[in-house]
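Residue strings, one per chain:
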Amino acid sequence: MKHLTGIPASRGICIGPVFPFVREELRVESYCVEDTQAEIVRLDAAIDKAIDQISQIYKKALTEASKADAEIFQAHRMILEDPELLKEVKSKIQKESICAEFAMMTIAQSFSDMMAAMQDEYFKARATDIMDVGNRVLRILLGVAETPTADLKEPSIIIADDLTPSDTVMLDKLLVLGFCTAHGSATSHTAILARGLGIPAVSGVGAEIMKVSKGTRVILDGVHAKVLVDPDDATVKQYQQLIEAAHSINEAAMKHAHEPAITKDGVRLEVVANIGNVKGARTAIENGAEGVGLLRTEFLYLERTSVPTEEEQYQAYKAILDMFGKMPVVLRTLDVGGDKEIPYLGLAAESNSFLGQRALRLCLVRPDIFKPQLRAALRAGDGNNLKLMFPMVATAQEVRDARKVLDECIRELKVEGKPFAENIEVGIMVEIPSAALVADQLAKEVDFFSIGTNDLSQYTMAADRTNPKVADLSNAFFPAVLRLIRDVIIAAHAEGKWVGMCGELAGEPLAVPILLGLGLDEFSMNPPMVPLLKQILRALDAKEMKAIAEQALQLESPQQIEDFVKKKIPFIAQLVD
Amino acid sequence: MKETQIVVNNKVGLHARPASLFVQEAAKYVSDIKVSCQDPDTMENREVNAKSILGVLTLGVSQGMEITICAEGEDEVPAVEALITLVKYNFGEE
Chain X
1 MKHLTGIPAS RGICIGPVFP FVREELRVES YCVEDTQAEI VRLDAAIDKA
51 IDQISQIYKK ALTEASKADA EIFQAHRMIL EDPELLKEVK SKIQKESICA
101 EFAMMTIAQS FSDMMAAMQD EYFKARATDI MDVGNRVLRI LLGVAETPTA
151 DLKEPSIIIA DDLTPSDTVM LDKLLVLGFC TAHGSATSHT AILARGLGIP
201 AVSGVGAEIM KVSKGTRVIL DGVHAKVLVD PDDATVKQYQ QLIEAAHSIN
251 EAAMKHAHEP AITKDGVRLE VVANIGNVKG ARTAIENGAE GVGLLRTEFL
301 YLERTSVPTE EEQYQAYKAI LDMFGKMPVV LRTLDVGGDK EIPYLGLAAE
351 SNSFLGQRAL RLCLVRPDIF KPQLRAALRA GDGNNLKLMF PMVATAQEVR
401 DARKVLDECI RELKVEGKPF AENIEVGIMV EIPSAALVAD QLAKEVDFFS
451 IGTNDLSQYT MAADRTNPKV ADLSNAFFPA VLRLIRDVII AAHAEGKWVG
501 MCGELAGEPL AVPILLGLGL DEFSMNPPMV PLLKQILRAL DAKEMKAIAE
551 QALQLESPQQ IEDFVKKKIP FIAQLVD
Chain B
1 MKETQIVVNN KVGLHARPAS LFVQEAAKYV SDIKVSCQDP DTMENREVNA
51 KSILGVLTLG VSQGMEITIC AEGEDEVPAV EALITLVKYN FGEE
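Protein sequence lines, in the order shown, are assigned to chains X and B.
Under the numbering used here, think of the first position of the first sequence as 1, with each following residue one higher.
Under the numbering used here, think of the first position of the second sequence as 1, with each following residue one higher.
No lab work stands behind these hints, which were simulated from the structure alone.
A virtual CB, placed ideally from N, CA and C, is assigned to each residue, including glycine.
Treat the hints with care, as some may be off.
So the derived label-pair ranges between C-beta atoms look like this [what the hints assert, rightly or not]: (1) B:V7 - X:T283: 51 to 61 Å; (2) X:S91 - B:N45: 17 to 27 Å; (3) X:S91 - B:P40: 29 to 39 Å.
Work the whole structure out from these sequences, hints included.
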């Protein structure tokens, strides 16, 4: 048995025979042409044909993979239609009286080299794209078949130097167990496509993998980026058990998506969705979300030139609230600031917008924006299960101020005789450390908390999550953040209030045992995660998780905490993407 | 000629989808449109055809970098305005 390690490119584990994917080498000779105009016509014809092929692959990718993956081929099309590329190839043909193949190859190579030389991983991966597109044109010019004759007959693990998107799309997916490439990275297309297909992939294993002969049994472990060549039966058996466990969980998750999430020891948790429009609402319902834990309202304000009217907002909120009927929908009031610029609001630029007058802070000084939104929400809540939530609360006074404006709106609506939801729950986002630290005081002012872990992490760790240099620090798995979450839940429960979470952490499988152990009542996440999260909760014991959470919070780093959870609850490690 | 500077604030800079949206938008106008920015390593100013995906990609614009959009032609004003709007609203990303 031989161990090889690479870069994790797509989660999952598979066992099977390898199938080496070897491309036919294109032999391009440089020869002179007399009639350069005819050569350009020949080039144009080849490019037209290549565009045609790519359009077909695009259609295939749309039905087989996700839209994002299919967009790769639109990018390919754009490369082929690129005015700079064509200009250079044609001018090379004309100036040097050289054949189209050679001109195409040279220019594609030079653009590709330019990309490969860039620091950024993303651009390096794009170098492959350009060569892929260039080679397609070359194959047409040379009369070589479109795809290498892959006599793939049985389910196999594909090994290759590096696979191009065209290679992977043309493969029969039912026969592909996983991908393993000698080169490539976590951002290469093989990785992206493998994730889209939900099959394991390991990249950058090294040239040695290509020496493994066709049919050799290997274990491809996309979780730990390991490749075990020719493993013994005991190892195979051990891995088979892991695969079965993960498989049955995913299957059960989809089957029971519309059933409640009740832990082994009978604790029922609410699993709801984060949405920002009607489309999200539909996906949420399809995936079995039991309501909405975060309805973002910013979508109404972006890409327009004036403040949306109360009536417009009423219609938009009502459309979503009506879809959920009796299910709860937590509507978050406007959360904008200096970073999401909305010109018509006339906000002054701030040197540090994350610490500036944003969200509720802005709404409290701008009743012209705040009141129409509150009135629209209250009206849309009539007959539905609306809950209101204020973002960016730092002090109890802010909550009282916001409630005062809300009471004003309620009084006005009463006088006007308009129907509206009167007795709604009002809560706040806990995303500023100060709010977490005085959660006991805030709990007296509200009906619920929803913890926003993205902002809570970046404010607690003083690390801008959009700055790649420090983004690692802005991680909710740091014990500092988890301890704040613990304290918030304790403070809320002491006042008999419920606590939800609508940050990314709530949809993170590795965090679920800890959050359950800390006593979180409601988990809100992107709709596609709902079925799996419910299933994970069903497999856990809330009482046992208390001890696990306590121990996890004594550790020092996200890595330690994640490893600890994986060790204690092995099935979760297999599910994470 | 119409010229405007703007800082690219979206997460990935002028990469994949944003770069393609940018080029597609530029291609809607008849004006000659150039986009340029300073190479962070060499401090040299590089200028490329805004209608060329390869040009825009090789410019290597990442988050926080300032670009200059310059158009010349009959629809230069709406062209620059449209591209600036695209960048300003982070290409429709959250």
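**OP:** Just pull the numbers of the violated hints for me, sorted ascending.
**Re:** When the structure is compared with the hints, only number 1 turns out to be violated.
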